[in-house]
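Peer 1: So the protein sequences, as listed, match chains A and B.
In this text, residue positions in the first sequence follow the working numbering: the first is 69, and each later residue adds one.
In this text, residue positions in the second sequence follow the working numbering: the first is 2, and each later residue adds one.
Some hints could be false.
Claimed, not checked - As a list, the in silico DSS-like pairs of lysine-lysine whose alpha-carbon atoms are at most 25 Å apart:
id : chain 1 : residue 1 : chain 2 : residue 2
1  : A       : 208       : B       : 277
2  : B       : 36        : B       : 3
3  : A       : 257       : A       : 191
4  : B       : 310       : A       : 208
5  : B       : 337       : B       : 310
Unchecked claim - Computed Cβ-Cβ distance ranges for the label pairs, DEER-style:
id : chain 1 : residue 1 : chain 2 : residue 2 : range
6  : B       : 153       : A       : 75        : 28 to 34 Å
7  : A       : 195       : B       : 177       : 30 to 36 Å
8  : B       : 378       : A       : 230       : 25 to 31 Å
9  : B       : 187       : A       : 195       : 43 to 49 Å
10 : B       : 120       : A       : 74        : 31 to 37 Å
11 : A       : 149       : B       : 234       : 47 to 53 Å
12 : B       : 231       : A       : 275       : 40 to 46 Å
13 : B       : 153       : A       : 294       : 48 to 54 Å
14 : A       : 324       : B       : 308       : 40 to 46 Å
15 : A       : 324       : B       : 171       : 42 to 48 Å
16 : B       : 153       : A       : 80        : 24 to 30 Å
17 : B       : 3         : A       : 233       : 54 to 60 Å
FYI, nobody ran anything at the bench for these hints, they're computed from the structure.
Since the model is a prediction, treat every value here as computed from it, not as a measurement.
Heads up, the beta-carbon is just placed ideally off N, CA and C, and yes, glycines get one too.
These are the residues of each chain, in order.
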Amino acid sequence: MRREVMTIAGVAVECFTAGEGRPLLVLHDELGLSPQAQFLDFLAQRRRVVAMSLPGFGKSDLPLWIDCVDDLSYITLGLLDRIGINAIDIVGCSLGGWVAAELTSKSPERVTRLVLAAPYGVKLGGVDRLEFPDLFAMSKTAIAEKSFHSPSFANFDAAALSDAGLTTIVRNRESFTLFAWEPYLHNPKLSHRLERAVAPTLFIRGASDGIVSADYVAGYAALFPNASVTEVPAAGHFVHLEQPEAFVSRTLDFLDRN
Amino acid sequence: MKFWYFSETAYPELPPEATYNSIRVTLPNVNYDPKVGAALFDRYLDEWLIAESEGLNLMLNEHHQTATCVDPAAPVVMAALARLTTRARLLILGNPISNRRDPIRVAEEMALIDVLSHGRLEVGFVRGVPYELAAANSNPVRSNERHWEALDLIIKAWTHHAGPFVHEGRFFHHRNINIWPRPYQQPHPPVWVSATSPSGSARVGSAGFVQATFLTGFRGTPGVFDSYRRGWRDAGRTSEPPLDRLAYAPLLYTGDSKDTARKGAEKLLWYLKANKVPDYYRNPPGYLPVEMGVRIMRGAAPQLAASIKDLGVDEAVKNGIMFAGTPNEVHDQVVKFYDHVGGFGHMLMMGQAGFLDHDETAHGIRMFAREVMPRLTETLRDRAPQRSAA
Chain A
69 MRREVMTIAG VAVECFTAGE GRPLLVLHDE LGLSPQAQFL DFLAQRRRVV AMSLPGFGKS
129 DLPLWIDCVD DLSYITLGLL DRIGINAIDI VGCSLGGWVA AELTSKSPER VTRLVLAAPY
189 GVKLGGVDRL EFPDLFAMSK TAIAEKSFHS PSFANFDAAA LSDAGLTTIV RNRESFTLFA
249 WEPYLHNPKL SHRLERAVAP TLFIRGASDG IVSADYVAGY AALFPNASVT EVPAAGHFVH
309 LEQPEAFVSR TLDFLDRN
Chain B
2 MKFWYFSETA YPELPPEATY NSIRVTLPNV NYDPKVGAAL FDRYLDEWLI AESEGLNLML
62 NEHHQTATCV DPAAPVVMAA LARLTTRARL LILGNPISNR RDPIRVAEEM ALIDVLSHGR
122 LEVGFVRGVP YELAAANSNP VRSNERHWEA LDLIIKAWTH HAGPFVHEGR FFHHRNINIW
182 PRPYQQPHPP VWVSATSPSG SARVGSAGFV QATFLTGFRG TPGVFDSYRR GWRDAGRTSE
242 PPLDRLAYAP LLYTGDSKDT ARKGAEKLLW YLKANKVPDY YRNPPGYLPV EMGVRIMRGA
302 APQLAASIKD LGVDEAVKNG IMFAGTPNEV HDQVVKFYDH VGGFGHMLMM GQAGFLDHDE
362 TAHGIRMFAR EVMPRLTETL RDRAPQRSAA
């Protein structure tokens, strides 16, 4: 992907583009944007894919004033302004799905179609339970088991990575913590704003997702005026990484219905 | 040198370690018997009073949701000590202000204890160990930034006397800050900050607060103290920091015989050993700098406490984490450490932990106060500062 650093609202963010065709904005998950990810390559075979590392992720800055997903959604709107796109299809994965939902609730006219892969973001249940298992109170092994259909997918060899690579991993985790900690992985106001999000919306969930439940996705989708849900087998929370072909095929089928 | 007695007020009567996942945060409080706990507090307060009667100053701290320290509100216990004691200086080390939602409330609590004690309070501020974050539901990211904004605001609240002022900061907001009472000591009680890393202590030195470091031993302490001195000078001061700006907290037990000392020291090690905590509480993302996170992924120990958990008495003494033995031995250990780190002005002795019972604790306090303290005071008086080994 072609990389370019842009300054949006005073924040230097790295942006990536690849492919030709109708533009498609991809908002990455909490693991950060990996330009080599297969699903991006598959998407770029049909679309002009636009992506950026959200503030605090990859090589993008994280100024002190930024501390919530609301901020991330405004930076994303700023990116659309900068590249001169009025309305666009958006794919958001996990944390990026939350950003996309926030963005759509603010500026529904900027979103033509929306795909949300296991997004966080709303509070649905009672005060006495979390919407998602507490990722800050479980071992890395337990997180891997909840995140992937095949937990070995989470394995990587730290010794084989450069300091710069490890720095990105550690910094991405830190930034995710900043945005996820409290309220835990949701914005209490978002559920009250989503009736504005009129774009046709598809929720995609990995059938083995141990973090975002099927009930949660169904409840989340019901807050959108025009949303449906699909499940991908043999995939966990990071369905776009674990089953990139199925993910991209369902995504493009949905987007191309336009 | 000033000497301070400290106990973490543990609740050591716990089920076998193998039966629980973490002594902190999640151990169900059904394991806490309030009647046993009340008797323990009677005892711990008595021991602070013994320490005062022996000429020591008193220090206490707070932790949350843990059997290792069942004082989750240091100002409450210190308020009791303020009225039970008459002479000792009283140090809270410290207030975990990056985990407290309202710094002004902390400023009020400290001013009130200062008034109740007729100006004997010394106020420490700590960032808190990482396991505190889950208990406080406090975001690990930017806790350092919250700490310093809160600290500056508290000092301003103590020292501003002309009616309400406004604070619209990054993390805290107030429109009418005008605390009653204001502190007894003017302009405010002495301020302490704990730091166990060189990066933290440089900033403390720059501000000129008293810097305390815990259990950093021969290896870690010189770097921490040197950073303090560097921060002190970099802020434009031409002289070296006075010794009373630097404090060290070891485990410390003095016995009237080698055998008594050994037994006491072994019991004191409970403090290091009773600390079963999973990594996700020990090292939440954002608590440590990113560079340290990278080193941990490459295999470094996440935390000082993890690296000293399994030390025996001899190793702990050898490493300067513990001073223990007969009065002669303890005197010599302290002097050796003092020279190694370039001198310091406060000894914060952790003199009680775990199953060290009342008689043993009182013995350790008395032996130190009567047999070691006067000799140390003599030895260290006018002792030329040695060059730090760092």
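Peer 1: Run the structure past the numbered hints and jot down the numbers of the failing ones, going up.
Peer 2: The structure conflicts with hints 2, 8, 10, 12, 14, 17, although it agrees with all the remaining ones.
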